[in-house]
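J.: The residues making up each chain are set out below.
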Amino acid sequence: MVRARDRMSVRTPPGTLGAALLIARKDLAIEFRSRTAFLSSLVFAVLALSIFYFTWDESIVTPQDRAPGVLWVVLAFSALLGLQRAFSLEEHERGIDALLIAPIARESVYLGKAVGNLLFLCAIQAVAIPALAVFYNLRFNGQLAVVAGIVLLAMVGIVAVGTLFSAMAVNTRLAELLLPMLSLPFFVPILMDAAQATTRVMAGRPLSEAWPWLRLLIAFDLVFIVACTIAFPYTLEE
Amino acid sequence: MTTSPMTLPADARVAPDAAPKRIFGWLFAVAILAVMGAYVRAIYFTPIEAQQGAVQKIYYLHVPAWIACYLAYGLVAIGSVINLWLHDERADRLAASAAEVGILFNTVGLTVGPVWAKPIWGTWWTWDARLTSTLFLWFIFAAYLVLRGAIESPAMRARFSAVLAILGVLLIPFIHLSVYLFRTLHPMPIMLQPQALVNPPLSPEMETTFLVSSLAFLLLCVALVVSRYRLATLRAVADDADVLSIRPPPRPRAGITRRTRG
Chain X
0 MVRARDRMSV RTPPGTLGAA LLIARKDLAI EFRSRTAFLS SLVFAVLALS
50 IFYFTWDESI VTPQDRAPGV LWVVLAFSAL LGLQRAFSLE EHERGIDALL
100 IAPIARESVY LGKAVGNLLF LCAIQAVAIP ALAVFYNLRF NGQLAVVAGI
150 VLLAMVGIVA VGTLFSAMAV NTRLAELLLP MLSLPFFVPI LMDAAQATTR
200 VMAGRPLSEA WPWLRLLIAF DLVFIVACTI AFPYTLEE
Chain D
0 MTTSPMTLPA DARVAPDAAP KRIFGWLFAV AILAVMGAYV RAIYFTPIEA
50 QQGAVQKIYY LHVPAWIACY LAYGLVAIGS VINLWLHDER ADRLAASAAE
100 VGILFNTVGL TVGPVWAKPI WGTWWTWDAR LTSTLFLWFI FAAYLVLRGA
150 IESPAMRARF SAVLAILGVL LIPFIHLSVY LFRTLHPMPI MLQPQALVNP
200 PLSPEMETTF LVSSLAFLLL CVALVVSRYR LATLRAVADD ADVLSIRPPP
250 RPRAGITRRT RG
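Those sequence lines, one after another, are chains X and D. Residue 10 in numbering that gives the first Met the number 0 sits at position 11 of the first sequence, and the numbers go up by one each step. Residue 149 in numbering that gives the first Met the number 0 sits at position 150 of the second sequence, and the numbers go up by one each step.
Keep in mind that the hints were calculated from the coordinates and are not lab data. As the structure is a prediction and not an experimental result, all values here were calculated from the model. Check before you lean on any hint, since a few could be wrong.
What the hints assert, rightly or not - Now the stretches of chain D that chain X is said to cover, found in silico as 3 or more residues with beta-carbon under 8 Å:
| # | stretch |
| --- | --- |
| 1 | 137-147 |
| 2 | 162-174 |
Unchecked claim - Pair ranges (Cβ atoms, derived):
| # | chain 1 | residue 1 | chain 2 | residue 2 | range |
| --- | --- | --- | --- | --- | --- |
| 3 | D | Lys20 | X | His91 | 45 to 51 Å |
| 4 | D | Lys20 | X | Arg214 | 52 to 58 Å |
| 5 | D | Arg21 | X | Lys25 | 52 to 58 Å |
| 6 | X | Ala218 | D | Ala141 | 25 to 31 Å |
| 7 | X | Gly203 | D | Trp84 | 46 to 52 Å |
Every residue gets a Cβ at the ideal spot worked out from N, C-alpha and C, and that includes glycine.
Using the sequences and the hints given, assemble the complete structure.
T.: What follows is the structure, given as structure tokens:
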């Protein structure tokens, strides 16, 4: 078996991280050529931002006050849209079988999918957050970099659990319907921590006030990256 | 986990003589009697609390229900870890049985809690750390049961649900800490002050009632898990017989997902 593979290919199989990057590149290349998932998630995000604007009385709650909350709700749901794509992509032509027989670690499939998802979601947020700033008249008080950092930390957590659950959901009878039910409870601490941290940062408070929330967010990211990487091989078909 | 396609996986088979004769045994009867006894004691033979009045008696239902709930969810976690580790189908049946019983007690706790909270705290619900994390426990185990219903292959169902249960156990401390931070950084209405939460100094009679009630609920929890486990074993036996064509397949019954060998 090993011998036959060696004869067929001169190249040695990549390591765990190398294979992960190849998978991420493959997913992003597919997405870059079709752009369907990107456009639908992006339009959803911007549409949701504008719908939310009209659900509050402007004279009671100012747009600036509700912007962080809106940001996180929209971000979570547009992330769900993007996450569904990662493994349904593989199901169509049973591409997952090719990934499973490839001489790479199962963990690199997870890490590759997660990195692909993370870049995909960051691309959406790179448009959605400026849109939020324009629509809600936001001033970042020179804290744009900090807000971007918090968004990145939250995205890492969302992607860590979301990638695992989208691998599970795609193998069930309910498929996409199950993903929100599985993922949203896990998004709760992420959204709570990130929303509280951004509210404080955007109100111009010192970073030390947001630090307890950020600490919890970082802990969540670390715990769930490790746990989901370990759990992922169990979610694949044998 | 890696089973050869030529042979049936050994762990998925149940010897027909291992099939339990009945689902509800004497343990269940004892548990029901114990719960009835605890209710009678709580209602008629326990003094009414001085400050809260009769509503405090929910305590003898509410707290034991949570103890039973945590016992059941603990069994789910243990069953899930054993299942992932040893790939034993019995551990999966234990986890599935305990999850159903756990969500039952979880629902009891979440339902009677607000009935007590309305007169005492002045509100049905508050986003307190404990309330929020138990609500999300309910969501996670609801998803757990839906997930189990949505997978045909027993081996895959066992692995997926075990992964969800273990991640759920990791999640709860994060929800608890986040809400705790959320609440402690915010002022609370007077009615919701932690000091206003009951920590009633229990009289000896009350303490006894509480202990009796807790033991009765623990017994009920164990009896329900045992009964549910027997049902799961019977289903597995029936499915094996079905697959091996020992007898004609039973008529599909409503609400029961037929298993297929994956």
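J.: For every hint, state whether the structure bears it out.
T.: These are the hints, each one checked on the structure:
no.: 1; hint: 137-147; in the structure: holds (count 6)
no.: 2; hint: 162-174; in the structure: holds (count 9)
no.: 3; hint: D/Lys20 with X/His91: 45 to 51 Å; in the structure: holds, 49 Å
no.: 4; hint: D/Lys20 with X/Arg214: 52 to 58 Å; in the structure: holds, 56 Å
no.: 5; hint: D/Arg21 with X/Lys25: 52 to 58 Å; in the structure: holds, 56 Å
no.: 6; hint: X/Ala218 with D/Ala141: 25 to 31 Å; in the structure: holds, 26 Å
no.: 7; hint: X/Gly203 with D/Trp84: 46 to 52 Å; in the structure: holds, 51 Å
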